[in-house]
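Engineer: These protein sequence lines map, in sequence, to chains A and B. Heads up, the first sequence stops at 59 in our numbering, and the numbers go up one at a time, no gaps. Heads up, the second sequence stops at 1456 in our numbering, and the numbers go up one at a time, no gaps.
If you are wondering where the hints come from, they were derived from the structure by calculation, not from laboratory data. Incorrect hints may appear among the rest.
Simulated crosslink set (SDA-like; lysine to any residue; CA at most 25 Å straight-line) [unchecked claim]:
id, chain 1, residue 1, chain 2, residue 2
1, B, Lys-1265, B, Leu-1356
2, B, Lys-1164, B, Tyr-1052
3, A, Lys-29, B, Pro-1298
4, A, Lys-29, B, Asn-1329
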Amino acid sequence: MMIKIVAIVFTILTIGSLWLTYKGTGLQKVETHSTLKHVRSIHAGGWASSSGGGFSSGK
Amino acid sequence: MSEIYAIRCTNCGGSLNIRGGGRVTTVTCEYCSSVLDMTAEYKVLSQFQDKYRPTVPFKLGMVGTIKGVEWTIIGWVSYKTTDFPVERWSEFFLYSPLYGYGWLIYEEGILSFSKRVRDFSLLKWQKNKTNKMPFFRKSHYMLAEEPYNIEIDFVQGELSWVAKANDTIRCWDYNGPNHKSLTVEKSANELESYLNERLNNKEIYASFGVKQEDQVEEELSTIDSLFKEDTLEASDKSRKSFLMQMAILIVVIALTIGYSFVSSKTLFETDTNQPFSQLIKVDSSAFLSKIVIKAPTPAILDTLKFGIYNRDSYVFTIDKNSLNSKNGNIGRTWDRGDDEVTIYLKLERGEYRVRLNMSPPLDAYSKIKVVIEEKVVRLTYLLIVLALLLISVALSYKSNTPNNGSQSKSQYLWLFFAAIFGYVFFGFYILLFIGAFYMIASYSKDAENLWDNDDD
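Use the sequences and the hints to build the structure in full.
Structural biologist: If you want it as structure tokens, here you go:
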């Protein structure tokens, strides 16, 4: 019985998510991106991970 | 099959067949119900006369196969609980020359196989009787009900111990995975543990040659049938059907994921340093439209004002200070330092005007890239559902994998996952191939057009 309920729930979930995906409900979004911030974070990561520290101005 | 020899009952002279091996110590006469001691010249040890004889589908001497081993029924003990409500069941003593002894338990149409286990630590169990979840062979077992007392109701045939009418046995039943249970039995002289496993009625009846009219199936009231655990057959069937349904759902999601790689269509694309006003036509209301605006620097992005309009009014506008959407709240505008913005927007089928303004105007070398696509599939929901589906399938396999470690089942599990991932990635590469084919086809078409133009 339990297994049937789980199967039904998953079927509803799948159909529901397909429908929401098709309609785009809740998926509208504005995403922003900064190349500069990304570059900075790469440099920060590179500096932090380098052994012995030292100067790394990123220039 | 075990060897048979016949003796005469020392009490009534009735003919008794002896089928069991060396550990059999008593035989109960089926005519006078005297328990005869096989170790002391068949002396009468006790009597079960005037006892209730249950109606059962099995009888002594029947031979059948349980779990791949041939067993002969050599003895029969019927038990009843001492407390109200009185429950009765029969246990048939089985003998196999190669595998020793076991029990076939019959209770109102339910059949189980039981075998004494010696690797369950009774010493540990005795020390901690209050533990309701003993651990045995990599599985937890849970106390099914409070311990109860039983006594022998009826005996026939051979046994490896002396059955006495008034002997009381105290039992602890623990339910485990895969229709298994563990029983600890404590009598005056012994403490023993048994591992029980539910059997498929049809198979056992057929194997022991039980006539159709004698076969008894479990009878459930309407209420009981709602709450009772599925029978072995039904649970196997429902498990298969569950896995089949899950597989279909996973394939549907995988197909959608595959489709998402080829579904989108570019409506408009430009690399400009000039303001523009462009008419676009959205052909389908399905899924989302995606607008990407990429500026060379954050300062240039801050000079932009982008908008999508239909005949009546704006649908969406964005600049560094504000974001307005007819579709409700879909987020906020970019921050200082951002140089790219991606907008996922629901645009119904129809014509729209796209406008990009900039103040102040850009120099000749700074280009703004704007790309507008339709039918973009965002997989957020589907990936979550897919993860849940895979987890549930994995759990379903794990809970049904025998604890002794069936290699084939775990192999199936890995094959299943490999098939899913293989499908997704293989499907992905096919789609890449199709995409590449279309790209080459469109380039060659452009090239052809170019040649045609040259000819002109």
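Engineer: Each hint needs a verdict: does it hold in this structure or not?
Structural biologist: Each hint, compared with the structure:
no., hint, in the structure
1, Lys-1265(B) / Leu-1356(B), "holds, 21 Å"
2, Lys-1164(B) / Tyr-1052(B), "holds, 15 Å"
3, Lys-29(A) / Pro-1298(B), "holds, 20 Å"
4, Lys-29(A) / Asn-1329(B), "holds, 9 Å"
The structure is consistent with each of the numbered hints, conforming to all of them.
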